[in-house]
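Asker: Residues per chain are reported as follows:
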Amino acid sequence: MRHLALCLLAVPLFSQAMDEATFRGDARKVTGACADRARLLRPKDAKMLAEYGRAFLSAGERSKAEDCFQLARIESPKDADVHRLIAAAWLRAGQRTEALRAIADMQVADPKAKNAFSRAAVNLQDFGYAKEADSLMERAWILDPSDWQNCVAFGRSCLRKSHREAAAKWFARASQAKPQEERMWNAVALAYADHGAEPS
Amino acid sequence: MRATLLALATLSLAAQAPAPTPTVFDEAFFNGDRRAILQGCADKARSMKPKDAKYLAECGRAYLAALDKPKAQAAFKEAEARESKDGQVLRLIAQAWLKHGYKTEALEGYEKIVARDPKNKEALTLAAVDLAEVGLVNESERYMGVLVALDKDGWERFLVFGRALLVAGQRKKAAVWFARAAALKPNEERLFLDISRTFAETQSVM
Numbered sequence: 001m002r003h004l005a006l007c008l009l010a011v012p013l014f015s016q017a018m019d020e021a022t023f024r025g026d027a028r029k030v031t032g033a034c035a036d037r038a039r040l041l042r043p044k045d046a047k048m049l050a051e052y053g054r055a056f057l058s059a060g061e062r063s064k065a066e067d068c069f070q071l072a073r074i075e076s077p078k079d080a081d082v083h084r085l086i087a088a089a090w091l092r093a094g095q096r097t098e099a100l101r102a103i104a105d106m107q108v109a110d111p112k113a114k115n116a117f118s119r120a121a122v123n124l125q126d127f128g129y130a131k132e133a134d135s136l137m138e139r140a141w142i143l144d145p146s147d148w149q150n151c152v153a154f155g156r157s158c159l160r161k162s163h164r165e166a167a168a169k170w171f172a173r174a175s176q177a178k179p180q181e182e183r184m185w186n187a188v189a190l191a192y193a194d195h196g197a198e199p200s
Numbered sequence: 201m202r203a204t205l206l207a208l209a210t211l212s213l214a215a216q217a218p219a220p221t222p223t224v225f226d227e228a229f230f231n232g233d234r235r236a237i238l239q240g241c242a243d244k245a246r247s248m249k250p251k252d253a254k255y256l257a258e259c260g261r262a263y264l265a266a267l268d269k270p271k272a273q274a275a276f277k278e279a280e281a282r283e284s285k286d287g288q289v290l291r292l293i294a295q296a297w298l299k300h301g302y303k304t305e306a307l308e309g310y311e312k313i314v315a316r317d318p319k320n321k322e323a324l325t326l327a328a329v330d331l332a333e334v335g336l337v338n339e340s341e342r343y344m345g346v347l348v349a350l351d352k353d354g355w356e357r358f359l360v361f362g363r364a365l366l367v368a369g370q371r372k373k374a375a376v377w378f379a380r381a382a383a384l385k386p387n388e389e390r391l392f393l394d395i396s397r398t399f400a401e402t403q404s405v406m
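Protein chains in written order, with my numbering: chain C, 1 to 200; chain U, 201 to 406.
Please keep in mind that the hints were generated in silico from the structure rather than gathered at the bench.
Among the hints, a few may not be true.
Computed list of lysine to any residue pairs in SDA-like fashion (alpha-carbon distance at most 20 angstroms, straight line) [claimed, not checked]:
{"#": "1", "chain 1": "U", "residue 1": "K373", "chain 2": "C", "residue 2": "E198"}
{"#": "2", "chain 1": "U", "residue 1": "K269", "chain 2": "C", "residue 2": "K161"}
{"#": "3", "chain 1": "C", "residue 1": "K47", "chain 2": "U", "residue 2": "K249"}
{"#": "4", "chain 1": "U", "residue 1": "K254", "chain 2": "C", "residue 2": "D26"}
{"#": "5", "chain 1": "C", "residue 1": "K29", "chain 2": "U", "residue 2": "K299"}
{"#": "6", "chain 1": "C", "residue 1": "K178", "chain 2": "U", "residue 2": "E388"}
{"#": "7", "chain 1": "C", "residue 1": "K161", "chain 2": "C", "residue 2": "R183"}
{"#": "8", "chain 1": "U", "residue 1": "K321", "chain 2": "U", "residue 2": "N338"}
{"#": "9", "chain 1": "C", "residue 1": "K178", "chain 2": "U", "residue 2": "F229"}
{"#": "10", "chain 1": "U", "residue 1": "K271", "chain 2": "U", "residue 2": "T304"}
{"#": "11", "chain 1": "U", "residue 1": "K372", "chain 2": "C", "residue 2": "R101"}
{"#": "12", "chain 1": "C", "residue 1": "K29", "chain 2": "U", "residue 2": "K249"}
{"#": "13", "chain 1": "U", "residue 1": "K271", "chain 2": "C", "residue 2": "D194"}
{"#": "14", "chain 1": "C", "residue 1": "K178", "chain 2": "U", "residue 2": "K249"}
{"#": "15", "chain 1": "C", "residue 1": "K29", "chain 2": "U", "residue 2": "V376"}
{"#": "16", "chain 1": "U", "residue 1": "K249", "chain 2": "C", "residue 2": "R101"}
{"#": "17", "chain 1": "U", "residue 1": "K254", "chain 2": "C", "residue 2": "K64"}
{"#": "18", "chain 1": "U", "residue 1": "K254", "chain 2": "C", "residue 2": "R28"}
{"#": "19", "chain 1": "C", "residue 1": "K78", "chain 2": "C", "residue 2": "S63"}
{"#": "20", "chain 1": "U", "residue 1": "K251", "chain 2": "C", "residue 2": "D26"}
{"#": "21", "chain 1": "U", "residue 1": "K373", "chain 2": "C", "residue 2": "Q180"}
{"#": "22", "chain 1": "U", "residue 1": "K254", "chain 2": "U", "residue 2": "D233"}
{"#": "23", "chain 1": "U", "residue 1": "K372", "chain 2": "C", "residue 2": "H195"}
{"#": "24", "chain 1": "U", "residue 1": "K373", "chain 2": "C", "residue 2": "E75"}
{"#": "25", "chain 1": "U", "residue 1": "K372", "chain 2": "C", "residue 2": "E20"}
{"#": "26", "chain 1": "U", "residue 1": "K299", "chain 2": "C", "residue 2": "H195"}
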């Protein structure tokens, strides 16, 4: 019965063609409509559910977003990256408390997920939480001090926010981790070349 | 007198010469002069004799950012000599010129992709994206035209290009490519999710 109701609800959405005019319309409505449409197709993956939640938050639909986040957590409770995606969505929406709660959940769910910690640290840095970002990155680094890629990625985010001293700390760690790695030297150089902007 | 003049001339030359590669890459170094960091890291990468032409091209970009054009050109030349028909390498070189304000060299570089590796869909898409990002929309669409002739069903590439146009503030043009992608894959959740994410991320600049 629920499945039938869902199908009936989906019919009007599927029948709406998403043409040029749609994409030229109000950006917030496009965000919400695309998220709705994506979700009706096959909501099977926890990370995707978290991403839908993020899109709904951006479209101003908080309750739909929370539903998606909840489903994502149920689907993959131990996947640190799912919790990180949820945190990033809250950060983007300017909801500090919810974001930090999701970051804490992430660390409990998988205390050894250094890559997720490092990515979350970048997210925190990008949204202005430098102190929290640095302490999370320290945790990632303790788990694997030889991981130069994570150090460079975080250093880049520090440069983006003009935190030169913090960036210097992480680039120095990267260079100590792998001094014979040409890719590392290039990565650090390009981070400075781009003033820390995301690599394209 | 001659000795004094020689000393002065040497001093003047030393002042113009790029800083020598440092031996210690510590926090103080990375917190120091940006140009010296760029030069130091690029020198270090270059001294390891990169086997991959892509790394050489990246090295060249670091030299360009450090305002050392001769070293950049040398790195690009070597990269191109190694992989003269690799669209990815050619694109990295062109992108380096573009990012550092050398439009003519960049456009010449992108043309090499069409001439030497005309079926490299990835390189063509990236060329179009690079150009769209800096507002060279007509030039970027030309590369997408070449791509469409090769692959008219490449919805993922249309999506990437639409995103670049949207980020560059070209909403009408972006809509064309999003609609094209959506028409090709009306039942692909990832497509709608990506479009949704792109609009969400760019809302603040609209």
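Asker: All hints are to be evaluated individually against the structure, with a verdict given for each.
Answerer: Here's how the hints hold up against the structure:
With a C-alpha separation of about 24 angstroms, the suggested pairing of U:K373 with C:E198 is violated against the 20 angstroms cut-off. Annotation: proposed proximity of U:K269 to C:K161 is violated, straight-line Cα distance about 28 angstroms (limit 20 angstroms). Distance restraint check for C:K47 and U:K249: the Cα-Cα separation of roughly 40 angstroms exceeds the 20 angstroms cut-off, and the hinted pair is therefore not satisfied. Among the hinted pairs, U:K254 with C:D26 is inconsistent with the structure: their alpha-carbon atoms are about 41 angstroms apart, more than 20 angstroms.
For the suggested pair C:K29 and U:K299, the alpha carbons sit about 34 angstroms apart, so the restraint of at most 20 angstroms is broken. For the suggested pair C:K178 and U:E388, the alpha carbons sit about 41 angstroms apart, so the restraint of at most 20 angstroms is broken. Taking the CA atoms of C:K161 and C:R183, the gap is about 24 angstroms. The hint is violated against a cut of 20 angstroms. Restraint check for U:K321 and U:N338: satisfied, since their Cα atoms lie roughly 18 angstroms apart, inside the 20 angstroms limit.
A distance of roughly 17 angstroms separates the Cα atoms of C:K178 and U:F229; the hinted pair therefore holds under the 20 angstroms criterion. Restraint check for U:K271 and U:T304: the C-alpha separation of about 19 angstroms stays at or below 20 angstroms, so the hint holds. Annotation: proposed proximity of U:K372 to C:R101 is violated, straight-line Cα distance about 39 angstroms (limit 20 angstroms). Between C:K29 and U:K249 the CA atoms are separated by roughly 52 angstroms; this puts the pair beyond 20 angstroms, and the hint is violated.
Between the alpha carbons of U:K271 and C:D194 the distance comes to roughly 19 angstroms, so the proposed pair stays at or under 20 angstroms and holds. With a C-alpha separation of about 16 angstroms, the suggested pair C:K178 and U:K249 falls inside the 20 angstroms cut-off, and the hint holds. About 17 angstroms separates the Cα atoms of C:K29 and U:V376, which keeps this hinted pair within 20 angstroms; it holds. Only pairs whose Cα atoms come within 20 angstroms are accepted, and U:K249 paired with C:R101 is rejected, the gap being roughly 47 angstroms.
Between U:K254 and C:K64, the direct Cα distance comes to roughly 44 angstroms. Violation of the 20 angstroms bound is thereby established for this hinted pair. With a C-alpha separation of about 39 angstroms, the suggested pair U:K254 and C:R28 falls outside the 20 angstroms cut-off, and the hint is violated. Restraint check for C:K78 and C:S63: not satisfied, since their Cα atoms lie roughly 23 angstroms apart, outside the 20 angstroms limit. The straight-line distance between the Cα atoms of U:K251 and C:D26 is roughly 49 angstroms, outside the 20 angstroms bound, and the hint therefore fails.
With a C-alpha separation of about 45 angstroms, the suggested pair U:K373 and C:Q180 falls outside the 20 angstroms cut-off, and the hint is violated. Proximity of U:K254 to U:D233 is assessed by CA-CA distance (about 26 angstroms); at most 20 angstroms being required, the pair is judged violated. For a cut-off of 20 angstroms, the pair hint linking U:K372 to C:H195 is broken: about 30 angstroms separates their Cα positions. Annotation: proposed proximity of U:K373 to C:E75 is violated, straight-line Cα distance about 38 angstroms (limit 20 angstroms).
Restraint check for U:K372 and C:E20: the C-alpha separation of about 8 angstroms stays at or below 20 angstroms, so the hint holds. About 12 angstroms separates the Cα atoms of U:K299 and C:H195, which keeps this hinted pair within 20 angstroms; it holds.
Violation of the numbered hints given earlier is confined to hints 1, 2, 3, 4, 5, 6, 7, 11, 12, 16, 17, 18, 19, 20, 21, 22, 23 and 24; the remaining hints are satisfied by the structure.
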